[in-house]
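**Student:** Sequence:
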Amino acid sequence: MKYIITIIGIICLMACSGDEPVTTLTTSQMRPIAFADAYTAQPTRVSAAYSAEQGIGAGQSIGVYAYYHDNSTWSDEAAPNFMWNQQATCLEKGGNFNYSPLKYWPNESEDKLSFMAYFPYTDVDAVNPENPESPQKTGLTPLIANNETGLPTFRFTVKETAENQVDFLVSELLPNLPNGTSAVWPSNAADRSDLTVTDRVRFLFHHMTSKVEFRIVASPEVREDISHFKLNSLSVSNLYKDGKLTPSYSAGETTYAWSEQTAKHGTAPAFSFPLKTLTGYLMMPQTLGDGVMLSIDYDVTFKSDGTSYHYYGSRAGETTPALIGTLVADEDYTYHNNASIQLNTMKRTGTDTPLTEWEPNHHYVYYIRIGANAIEFTGQVVEWGAVVEINDIEIEEP
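Residues 510 to 907 (my numbering) make up the sequence shown, in order.
One or more of the hints may lead you astray.
No more than 27 Å apart at the CA atoms, straight line, and that leaves these computed lysine-lysine pairs for BS3-like [unchecked claim]: (1) Lys856 x Lys773; (2) Lys812 x Lys739; (3) Lys856 x Lys739.
Restraint-style ranges between C-beta atoms, simulated for each label pair [claimed, not checked]: (4) Ala779 x Gly859: 30 to 36 Å; (5) Thr788 x His737: 19 to 25 Å; (6) Pro610 x Gln645: 23 to 29 Å; (7) Pro863 x Ser618: 51 to 57 Å; (8) Ser609 x Glu586: 26 to 32 Å; (9) Val726 x Asn590: 50 to 56 Å; (10) Pro863 x Gln645: 32 to 38 Å; (11) Thr662 x Pro863: 27 to 33 Å; (12) Gly761 x Asp808: 54 to 60 Å; (13) Ser757 x His737: 50 to 56 Å; (14) Ala848 x Thr650: 35 to 41 Å; (15) Ala567 x Glu672: 16 to 22 Å; (16) Ser618 x Ser584: 18 to 24 Å; (17) Ala671 x Glu866: 20 to 26 Å.
Since the hints were made in silico from the structure, they are not lab data.
Beta carbons are placed, not taken as given, at the ideal position from N, Cα and C, and that holds for glycine.
Please put together the full structure from these sequences, using the hints given.
**Tutor:** Written out as structure tokens, the structure is:
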């Protein structure tokens, strides 16, 4: 059998205004901070409850962290003292976000704000499993406290079924945004000077999970001979399903690292995760160890041409013991087969390089090719005239 793999996006103005009395500011002079049309680097199809396909959906919320820099710029010593896990809800898909209480840009040009966000918003104080914003429901827990410094970290556990899996997103850091800045669109960083001035902060999100799917195809040499295929089971074992995500920022780039992976899918000792074909699973990014095995069990029915029999087995659907295994012309024959392969030995299409790691924001498609098992003959040639002893029997003459 041949296996192929291919690899197929504020607290308040008054507290930040220096020595200037707050009475000098009017409501019309205040510039409220707003969030607009957040989007992802790559769309992913998951359940409607926690989907970010082609943007955050109406009624769905992100969590925002904002850092205030008093006459300074971003550093890892900054704390999210301006917004801490602020819930912002999308009013319409691809539109603006609403949050409360409203907060404002600093009125001093030397003062800056830095922003980072994640999806889906999780209420870290919620304990009700029925609450859609609870960590038990999303599998996601923000870890940073409001008095800690640096970027937020997260603990995340992948759900066991595809329909319940959560599209966990984290944005790039938007550092050092002044009041009235045009530097609010990170994908156009090189052209910031050409952007129009806007108060709306736009986040660029990345998927923190890996999207993985499995497809079963027939090899060309047997494709026309197959009349029926039945997949009995498909599973992968010993995959991690949890981890701690740590973003970091350096030289204008936000990077993300997973660590502290401890829990596996399934239960001991098999730790088996059942799979469906043509289904995108949001899986935990990880190094694929030698114990990660892909297993398949199936029945395949081949057509007979009535004159020659290229495949041997039992008649399709036959239950009579005397007829099982009997070759009958012009009838189909069904074979049962199962196989396992070490997942990290499967190679990228067109290369000899095995895929040994799942990375965040990547989509992996595994192809399992079903083919005929050819009969191979081997022989051993010994030196001419060598003696092969069969039996050492002494025969007496009469």
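**Student:** Measuring from beta carbon to beta carbon, are Ser609 and Glu586 in 26 to 32 Å?
**Tutor:** Once the Cβ atoms are compared, 29 Å apart, the range 26 to 32 Å for Glu586 and Ser609 holds.
**Student:** Using the C-beta atoms of Ala567 and Glu672, is the stated range 16 to 22 Å upheld?
**Tutor:** Hint holds: Cβ distance 20 Å, inside 16 to 22 Å.
**Student:** Given a hint of 27 to 33 Å, does the C-beta separation of Thr662 and Pro863 actually sit inside it?
**Tutor:** holds, 31 Å
**Student:** Is the gap between the beta carbons of Ser618 and Ser584 within 18 to 24 Å?
**Tutor:** holds, 19 Å
**Student:** Does the hinted range 19 to 25 Å hold for Thr788 and His737 at CB?
**Tutor:** holds, 21 Å
**Student:** Just to be careful, I want the Cα atoms of Lys812 and Lys739 compared with a cutoff of 27 Å; is the pair within it?
**Tutor:** Satisfied, since the Cα-Cα distance of roughly 15 Å is no more than 27 Å.
**Student:** Please test the hint of 54 to 60 Å on the beta carbon pair from Gly761 and Asp808.
**Tutor:** holds, 55 Å
**Student:** Could you check the hint for me, namely that Ala671 and Glu866 are 20 to 26 Å apart, CB to CB?
**Tutor:** holds, 22 Å
**Student:** Evaluate the given range 51 to 57 Å for the C-beta pair formed by Pro863 and Ser618.
**Tutor:** holds, 54 Å
**Student:** Does the hinted range 50 to 56 Å hold for Ser757 and His737 at CB?
**Tutor:** At 52 Å between Cβs, range holds.
**Student:** Quick one, are Lys856 and Lys739 close enough, alpha carbons at most 27 Å?
**Tutor:** holds, 25 Å
**Student:** If I claimed the Cβ atoms of Ala779 and Gly859 lie 30 to 36 Å apart, would that claim hold in this structure?
**Tutor:** holds, 33 Å
The earlier numbered hints are all upheld by this structure, with none contradicted.
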